[in-house]
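Protein chains in written order, with this note's numbering: chain A, 3 to 423; chain B, 21 to 484; chain C, 32 to 388.
Be aware that one or more of the hints could be misleading.
Stated by the list, open to error - Capping the alpha-carbon separation at 27 Å, the derived lysine-lysine pairs in BS3-like fashion look like this:
id, chain 1, residue 1, chain 2, residue 2
1, A, Lys75, B, Lys412
2, B, Lys277, B, Lys412
3, B, Lys142, A, Lys340
4, B, Lys339, C, Lys229
5, B, Lys30, A, Lys367
It should be emphasised that the hints constitute simulated quantities derived from the structure, not laboratory data.
What follows is each chain in one-letter form.
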Amino acid sequence: MQHNIEVNNVGPNGQIMADAVKSCVHCGFCLPACPTYRVLGQEMDSPRGRILLMKNVLEGTLSLNEANPFIEKCLGCMACVTACPPSVPYGDLLVSFREYANETNVKYSFFDKYLKKFMYAIMPYTARFRFVVYIGIILKSLRNFLPLKLRAMFDLLPASFPVNEKFPETVYAIGNKRARVALLQGCVQSVLAPRINQATIRVFARNGIEVIVPQGQGCCGALTYHAGLSDSSRNMALQNMKVFPKDVDAIITTAAGCGSAISEYSRLFQDTPQYEMAMDFSGIVEDAISFLDGLGIVDEVIVNEDREIAYHDACHLSHAQGIRNAPRRLLHHIPRLKIVDIMDGEICCGSAGIYNLEHPEVANKLGVQKAVNIIKTGVDYLVTSNIGCMTQIEVSLRAMNSNINVKHIMEILDDAYRGEF
Amino acid sequence: MSKSFLDKLKDIVTDEQVLTAHSELIPYESDGLTAFKALPRAVVLPNKQSEVISIVRLCHEHSVPFVARGSGTSLSGGSLPNERGIVIGLNRLNSILDLNIEERYAVVECGVINNDVSEASKHYGLHYAPDPSSQLVCTIGGNVAFNSGGAHCLKHGMTSNHVLGIKAVLPDGTVVQIGGHSLDSVGPDLVGLFVGSEGLFGIALEIILRLVPMPEGFRTLLAAYPSMEQAGDAVSSIIDAGLLPTAMEIMDNLTIKAVEATVHAGYPTDAGAVLIVELEGEIVEIEEEFKCLRKIIYESGAYNVTSANNQNERALIWKGRKGAFGALGKISPAYIVQDGVVPRSQLGSALAEIDSLSEKYGIRVANVFHAGDGNLHPNVLFNNSDEEMLEKAELLASEIVQMCIRRGGVITGEHGVGMEKREFMNDMFSDKDMDQMLILTDIIDPHQIANNDKVFSRSRVPGI
Amino acid sequence: MFYPQSIEEIQRVVVESHAPMVVRGGGTKPGLLNHNDSVTTIDLSDVSGILEYRPEECTFTALAGTRLNDIEEVLSDNDQWMPFDPPMVDKGSTLGGVLAAGLSGPCRYGFGGVRDFVLGISWVSGDGNLLNGGGRVVKNVAGFDFPKLMVGSLGRFGIITEITMKVFPQSQAFATLEWDCLNIEEAVKFMKLLSLSKIEFLALDIESNGIVRVRIGGIQNSLQKRLDSIARYKNGAVIFKDREESEKWSSLRNFCWLDDSCMLIKVPITPDIVCRLDSKLSHYEALRLYSVGGNVAWIGWMDSIVKLDKILENLGLTGLLLLGEYNTPWLGTSAFDNVFAAKVKAALDPKNRFMSL
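Isolated chain A (complex conformation) (with noise of 0.2 Å):
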């Protein structure tokens, strides 16, 4: 598509944006494709209507605070790049423009304004994270005297505290060792689900794989950076480049949102001095289901029983980063297991990051849809690969009085291994 964007006037990121537009050709495809369409049902809140609202933004047809509620809107789930035959780097041109946005001091309402500061000041930051989700158990009861937005929060919020487990630093292969892992933790998952790790760990070890949990690490940046923040997202970004040693085969992420992220890194870094630095780091990190599909399961897993179970691509695993057939094949290692479709599969569950707190009304949409499209599935357990996906699946599947089992895919296997499945 045709613009008049002078790319000098934009911020550092002008030239990304201008060229993703460019390549847009408006043929719409994207718009079954995307979650805020098919819900809202309007062409502002789907990737070509953004697109275009973006344009003329940057053209400086249109004011800024006029166009961003639609932009704020976007999941990010990129749905839309799947679909799209030119292949527009909408991903690129989202974070982009939320940077652009922010630096403009784009306008939010006051609520706005302070849940953003508020979630982004404690989520990437395990210990205050952790902190707040306590008091936040304690008070649940209150949720009902609360307006909706503040409400979402408290759902999202496991029932119980989860126990804070210490990892060992190094974990030693089982049998032959195989290869050499650091585990990157991921900041709002270790301390919802350590669990996930944990059965990472396990998992690995008895396939030959000996995985290291370096101490000082912090959040990978991907909230921040897909919300348009990205000093803050390269300083978390730098922390954990120092922590990380460089003589592993691969650094583990077991949450899709931060493999998406640091895949992103070469943007991110783009004209800073530690490019080459963030490269290399981002070079060897890999999510824990491609890794260990790529390396193959040695130890056998024993079953007894027939099992169904749905599959839910993790909208960062997927449509961000493309794998979609590693996780299928993990999962067919274990015996006697059914894989069964999802209707609207590729549909976002409406987790996106904090997008469940910041749109409540659309993720709790899309929340009942997918819950909806698991139940008719009929199996017992839904599996996927990434905390903000089992935590928003996990609530809309209670709310809707089913008690089937949300799990990651690496605690399928460590369950399945140690008959527990």
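Use these hints to put chains B and C onto chain A, whose structure you have.
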């Protein structure tokens, strides 16, 4: 537009369903053809049929033009907004009202997405056959308005051949039911007339679609040729041999490269042209046909022939073809898609003529088309920030259209006249023919409000 | 009665004549003609001839009065045919007649009807102008689809003069299977089963006595295999091939099963109404053939036509009287008593030079 019109609009629907802010209108400024854009005065998003009817009646009362829009994928500017009027967005009317398997029909609302009809019926072994490249997005209402075709219409026919009945609201607000559930009919074929009328006769609210059994099997073949001409000749040989494939598609080298750069369909990038041929039907039958087809393909000078052995390989071959238009965005910021038809036997020479035109203007033309029915899709690639180039591109495109008419063809095979080909209508039809169409339009739409700036340039008054 | 020899003469006749005009082609469907003396009948049998036939394009253009058997002959020399399977060819039916009446034969089931094969049309309007719609290539969406509108219009909008049609390559070989399902209910049940199968039947007919008849066509080499697998659907299939087969369908298309005194009525239906309609008709000893997978009823009627009119009206069906005499060719419920039809009529024939709808 007076204040009272908008207020009355908001009496019909809720305030949230009426979009008037600048930021809300911009996303509706174009359809799939971005060369044209216009901001409507308002966009209204009805949730049910009764709202659409009331809105149309209100427009008629106030003589306010309206443009119906489904997913906004028209390639001829068919759903380009009218600056004096409103856009009626019909995407929320997306219910499949009845799926009658035994009688093999579906009753759908106009905002239902084409592919969703097939998805809903595939469980029963049926599907809705017309498959425009945009089938994952485009709505049945839009298909009806534009009589959309698709790669497989060589055997199955276009939208018109699959619509049994229509409930429509005419531009004056009258609601009519035409056609019915039967495959056959008596009396004038009003459904046939309504389909393809590009929104000038009003809005189809409910459509009865014919469903057909999914074929037992497919044979899909991808053949690479050194030149376009050889690929074009192969198509003629296939028809001469008495074969009736469901689809025959050709792409030129420029398109192949664009496709490979984006969707990676595995097309040989050194080929001058690739030809996709698909047979469908009973397996024993298509196996015999396939033998015959392979022989023709090899004799026609194909140097690289692959055939799909399973559904995934078939999907991959088609992924390249269906994503071709979008992929061109990768190699050019703007393009004009032409849609002319030439007699099939003239494919080779028509393509050669397009080549020399492209050279003459110094503008690249990427060709991807439905070869089986002679429906060309030359994509004139240009950079429209350059005024001069835009003008040249338009001239080139117009020469291509003229060439189609000169060869006994037509100006549009499936995209419709829309905004883009209005000025060519006079080259195809006599003044008297045009008058008859205009008179019909004016009687059906006395206030000239239903997509009325499309199809015809209203510079002429009938009979003058 | 006028017998124009050319299109120009048709135009002249139209301008000069006063009474409402009706058109006659081969005269094989007298039920469509008005038997009232006040109308002007224009016979087009002399405006005939194939103007252009391009086998490589699978299209031909012919004048309206061209007899279908002349066209079929030329096509079959090139191994092509009109797959909508026009009826009454052997009786002298014309291209214009079959189009204006909107008639298709049994193979409409597999390929589509006359409406699906018409590409372009010329007609003389009420003020004597020669107008055109559509084109001469197999795919075209420019302008309104007047060619389709004219299908079944019985010349109510103008006098069709020239028609461009799409044709298909003729199948190498055909075969037909018949089962005796003993009664209509069983026949309908079996028909529905077949219609949801993956077999590409060209024709699927049932008779009121329970006979189910299907036709397949295609490559000679695979025909026997296909026949074998279709025969497995139900025991007792009788198979017809070659000449016997083609004669069977030809006699059906030419309505050889009707008595001379019979009226003939075509009624578009849906499969679910076949049994109800059949039980009503059986009281009047009508001859009944249900064609196109239960989508068309051909009725041979010997009783008073008023009674059939009533039956169809009660069932919400519309019929077209082809053979017989009545004050209107359309029986039963009006299929086009709506504003849209009225507007189209007003636009195309503002002075009511032709019969009203």
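Hints, one by one, checked against the model:
no., hint, verdict
1, A:Lys75 x B:Lys412, "41 Å, violated"
2, B:Lys277 x B:Lys412, "24 Å, holds"
3, B:Lys142 x A:Lys340, "22 Å, holds"
4, B:Lys339 x C:Lys229, "25 Å, holds"
5, B:Lys30 x A:Lys367, "26 Å, holds"
Hint 1 from the list above is the single one not met by this structure.
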